[in-house]
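Trainee: Please take these sequences and the hints and turn them into a complete structure.
Number of protein chains: 2
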Amino acid sequence: MSLIVQKFGGSSVADAEGIKRVSARIAETRKAGHDVVVVVSAMGDTTDELIDLAESVSTVPAPREMDMLLTAGERISMALVAMAIRSLGISARSFTGSQAGMITDEKHGAARIVDVTPGRVREALDEGDVAIVAGFQGFNRATGDITTLGRGGSDTSAVALAAALNADVCEIYTDVDGIFTADPRVVKKAHKINRVTSEEMLELAANGAKVLYIRAVEFARRHGVTIHVRSSFNHNEGTIVYNPTEGQTVEEPIITGVAGDLSEAKIVVVGVPDVPGTAAKIFTIIANAGINIDMIVQNVSAAATGLTDISFTLPKTEGKKALAALDGAKAELSFADVVYDDEIGKLSVVGAGMRTNAGVSAQLFTALSDAGINIEMISTSEIRISVITSDADLTRAMQVVHTAFGLDSTEEAQVHGGTGR
Amino acid sequence: MSLIVQKFGGSSVADAEGIKRVSARIAETRKAGHDVVVVVSAMGDTTDELIDLAESVSTVPAPREMDMLLTAGERISMALVAMAIRSLGISARSFTGSQAGMITDEKHGAARIVDVTPGRVREALDEGDVAIVAGFQGFNRATGDITTLGRGGSDTSAVALAAALNADVCEIYTDVDGIFTADPRVVKKAHKINRVTSEEMLELAANGAKVLYIRAVEFARRHGVTIHVRSSFNHNEGTIVYNPTEGQTVEEPIITGVAGDLSEAKIVVVGVPDVPGTAAKIFTIIANAGINIDMIVQNVSAAATGLTDISFTLPKTEGKKALAALDGAKAELSFADVVYDDEIGKLSVVGAGMRTNAGVSAQLFTALSDAGINIEMISTSEIRISVITSDADLTRAMQVVHTAFGLDSTEEAQVHGGTGR
Numbered sequence: 001m002s003l004i005v006q007k008f009g010g011s012s013v014a015d016a017e018g019i020k021r022v023s024a025r026i027a028e029t030r031k032a033g034h035d036v037v038v039v040v041s042a043m044g045d046t047t048d049e050l051i052d053l054a055e056s057v058s059t060v061p062a063p064r065e066m067d068m069l070l071t072a073g074e075r076i077s078m079a080l081v082a083m084a085i086r087s088l089g090i091s092a093r094s095f096t097g098s099q100a101g102m103i104t105d106e107k108h109g110a111a112r113i114v115d116v117t118p119g120r121v122r123e124a125l126d127e128g129d130v131a132i133v134a135g136f137q138g139f140n141r142a143t144g145d146i147t148t149l150g151r152g153g154s155d156t157s158a159v160a161l162a163a164a165l166n167a168d169v170c171e172i173y174t175d176v177d178g179i180f181t182a183d184p185r186v187v188k189k190a191h192k193i194n195r196v197t198s199e200e201m202l203e204l205a206a207n208g209a210k211v212l213y214i215r216a217v218e219f220a221r222r223h224g225v226t227i228h229v230r231s232s233f234n235h236n237e238g239t240i241v242y243n244p245t246e247g248q249t250v251e252e253p254i255i256t257g258v259a260g261d262l263s264e265a266k267i268v269v270v271g272v273p274d275v276p277g278t279a280a281k282i283f284t285i286i287a288n289a290g291i292n293i294d295m296i297v298q299n300v301s302a303a304a305t306g307l308t309d310i311s312f313t314l315p316k317t318e319g320k321k322a323l324a325a326l327d328g329a330k331a332e333l334s335f336a337d338v339v340y341d342d343e344i345g346k347l348s349v350v351g352a353g354m355r356t357n358a359g360v361s362a363q364l365f366t367a368l369s370d371a372g373i374n375i376e377m378i379s380t381s382e383i384r385i386s387v388i389t390s391d392a393d394l395t396r397a398m399q400v401v402h403t404a405f406g407l408d409s410t411e412e413a414q415v416h417g418g419t420g421r
Numbered sequence: 001m002s003l004i005v006q007k008f009g010g011s012s013v014a015d016a017e018g019i020k021r022v023s024a025r026i027a028e029t030r031k032a033g034h035d036v037v038v039v040v041s042a043m044g045d046t047t048d049e050l051i052d053l054a055e056s057v058s059t060v061p062a063p064r065e066m067d068m069l070l071t072a073g074e075r076i077s078m079a080l081v082a083m084a085i086r087s088l089g090i091s092a093r094s095f096t097g098s099q100a101g102m103i104t105d106e107k108h109g110a111a112r113i114v115d116v117t118p119g120r121v122r123e124a125l126d127e128g129d130v131a132i133v134a135g136f137q138g139f140n141r142a143t144g145d146i147t148t149l150g151r152g153g154s155d156t157s158a159v160a161l162a163a164a165l166n167a168d169v170c171e172i173y174t175d176v177d178g179i180f181t182a183d184p185r186v187v188k189k190a191h192k193i194n195r196v197t198s199e200e201m202l203e204l205a206a207n208g209a210k211v212l213y214i215r216a217v218e219f220a221r222r223h224g225v226t227i228h229v230r231s232s233f234n235h236n237e238g239t240i241v242y243n244p245t246e247g248q249t250v251e252e253p254i255i256t257g258v259a260g261d262l263s264e265a266k267i268v269v270v271g272v273p274d275v276p277g278t279a280a281k282i283f284t285i286i287a288n289a290g291i292n293i294d295m296i297v298q299n300v301s302a303a304a305t306g307l308t309d310i311s312f313t314l315p316k317t318e319g320k321k322a323l324a325a326l327d328g329a330k331a332e333l334s335f336a337d338v339v340y341d342d343e344i345g346k347l348s349v350v351g352a353g354m355r356t357n358a359g360v361s362a363q364l365f366t367a368l369s370d371a372g373i374n375i376e377m378i379s380t381s382e383i384r385i386s387v388i389t390s391d392a393d394l395t396r397a398m399q400v401v402h403t404a405f406g407l408d409s410t411e412e413a414q415v416h417g418g419t420g421r
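Chains as they are written, first to last, in the working numbering: chain A, 1 to 421; chain B, 1 to 421.
Hints were generated in silico from the structure; no laboratory data involved. Ideal Cβ placement from N, Cα and C applies to all residues, glycine included. One or more of the hints may lead you astray.
As the list claims (entries may be wrong) - Computed footprint of chain A on chain B, listed as stretches where at least three residues anywhere in the stretch have a Cβ under 8 angstroms from a Cβ of chain A:
#1 14-20
#2 53-65
Stated by the list, open to error - Per label pair, the in silico range of CB-to-CB distance:
#3 K31/B / S390/A: 52 to 62 angstroms
#4 D105/A / K316/B: 48 to 58 angstroms
#5 D45/B / K281/A: 54 to 64 angstroms
Mentor: Here it is, written out as structure tokens:
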């Protein structure tokens, strides 16, 4: 008998039919003899509807009240799931985030989990009940107020509960079959990955793979939680995201997957003095504006002028803010110009086997060059290589790289539903 | 400076417009220098929609989960009201029933308030905030579970908070101008009552007046809370429901109001032995079936047979259950027949002045007799006389009695909106 945490997103519980389908699945797991903890999101569009309501009564809704409002969403879905399970003859009890002991800091709208004290959940399990827990929400002890975790919150709730309860696995149900070697809507011959380390998953998620949120993967990695990403529409095995134990010999494919990302823009600060401290100055200004940057490249200095260019990428949504910050510091930085380009795409190849295999970069650059695709920037980590191309080239780049690294499946991927969230 | 509790029902906060209108009213009270605690119900049809959802996933929804589900309703409205008030420049904070210290027993769906510990509400007031509290909901300490108070719950929440906070007045906002001498839709010349004792109000509410729930009035009476029933559509004074202090000389009109009720049915148990204990047996059987009865009349025994008839009234909704209970005890009771009649109406006249004024019954019976209206049963309390007529006669009976006791206004009542709830 195992202890299994199962997380169902808003699209899985969008209506009465979805709730009944999900509940049958939960009942099945329970009947197989497992202890089951379920984490649910709000039904379908509930959250968006509540946000619309808030904006219709207040131009800038107070964050504390916004959290109070939005947490009604999971309250509805969790109670309905508990009822539906009970009507299948399985005892079940629902718990709000605060009842389940999801203790957070007090940052409304984007709270961080600081502790999980799931005493009541454990008690319910001990009494033979399935415990249904509201995802996305928590409770701040100092203020006594309800909080929400922000984007990807329900995945994080599920992983945090799995860690606190020492669950055998945290199953994240979605409308795709698992994690793929590339987005199957872009690369038709992408195939499902059976196993991936949390380290690789982090790189994939951070570089455009949308099935799992980075926060949840980070939490799983830090706390040794095994995640199983799988479809709620069939019983196929999905993708296991695991944490190799120290010294464990793992069969590490050189390349696990290819990710694409169109959400970034590039800024080039042109003609800055090539002296120590210039880059530090620029990125201090950017950081002080609250902007997270991704890739950084500093060109070789043109010896004659003593000037250089510094390029970096950042979320498109932060573009304006960054330009304003740089503009405000023009005197201090003494640059010649700032060039902004939001027509870029980022391609990343990820694989833990890279560590011990030279030549991966060469193979990647050759594949792109053969396809006539220009590379504007390069950045690497131990297990990832990312390149910036034009946005128009990204899809083709993903396809040729997927083929070049031998990832192509012999059959086309089955895609259910929409975006995978 | 006073401490005022204001309660707004679901129809007042049915949409964004309603929420903004109500919030402006609350802000106005706060700006006048008062401390304000607001109790809100769920928006418009939210509760019905949630019940529909529950019934679509489960034929008999678990009561604990039903309470978890329904309490999402006030959570939404209270957060929206708090946001709307804040956007008017008035600081405000919302509290769930459990945050506001509404401690109840554990009877899901119909919980009783056992204690109110509004520490956080008091703190919010001390810090200058308007406190918005979810009506209808509470919290059971023993189980740690969320409960709901059942019908009339939000009125009761408001009165209970007013009592615990020692508020100066509990304002119950509705869509009529206050309590009327009779339902203005039935008696066109009904007029608003300015002041009524809680004792009279109890009799009116218990006998068909629908503006205030009995539970809330009972609570107000027991804890000395003054209620002000008024319209949320204008600034007119409504009706004050007050508790005369011991020995206080009150100007008591002989008749305060006339109430009509079409929700009851009559059962006559025909031909039971006219011996001590027969009535006790019948009503023990009815009570054991969980049925509350209202009026009881035992006819004079026909001396020749030694048999008598016993009649009583009960809610129509309990009719079937009562007939089945009597049928099951036919041998024990040895009655000849049971007659069921659900085409009855109950007319009640209420007035604290009755205590010291003889002749009220005679005046009532004369008025009805002059109008050719037959009386089937009579029951009286110290400050009320009720009679059963046919349902077809009830409206006319209310009109002639209203006139006979000099209650008619010179102008027709203004009726806003619908049912007064």
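Trainee: Okay, K31/B versus S390/A on CB: inside 52 to 62 angstroms?
Mentor: Roughly 59 angstroms apart at Cβ, these two residues keep to the hinted range, so it holds.
Trainee: Does 54 to 64 angstroms hold as the CB distance between D45/B and K281/A, or does it fail?
Mentor: holds, 59 angstroms
Trainee: Taking a Cβ-Cβ distance under 8 angstroms as contact, does the region 53-65 of chain B have three or more residues in contact with chain A?
Mentor: holds (count 11)
Trainee: Between D105/A and K316/B, is the Cβ distance one that fits in 48 to 58 angstroms?
Mentor: holds, 55 angstroms
Trainee: Closer than 8 angstroms, Cβ to Cβ, for at least three residues: run that test on the region 14-20 of chain B against chain A and report holds or violated.
Mentor: holds (count 3)
In terms of the numbered hints stated before, the structure departs from none.
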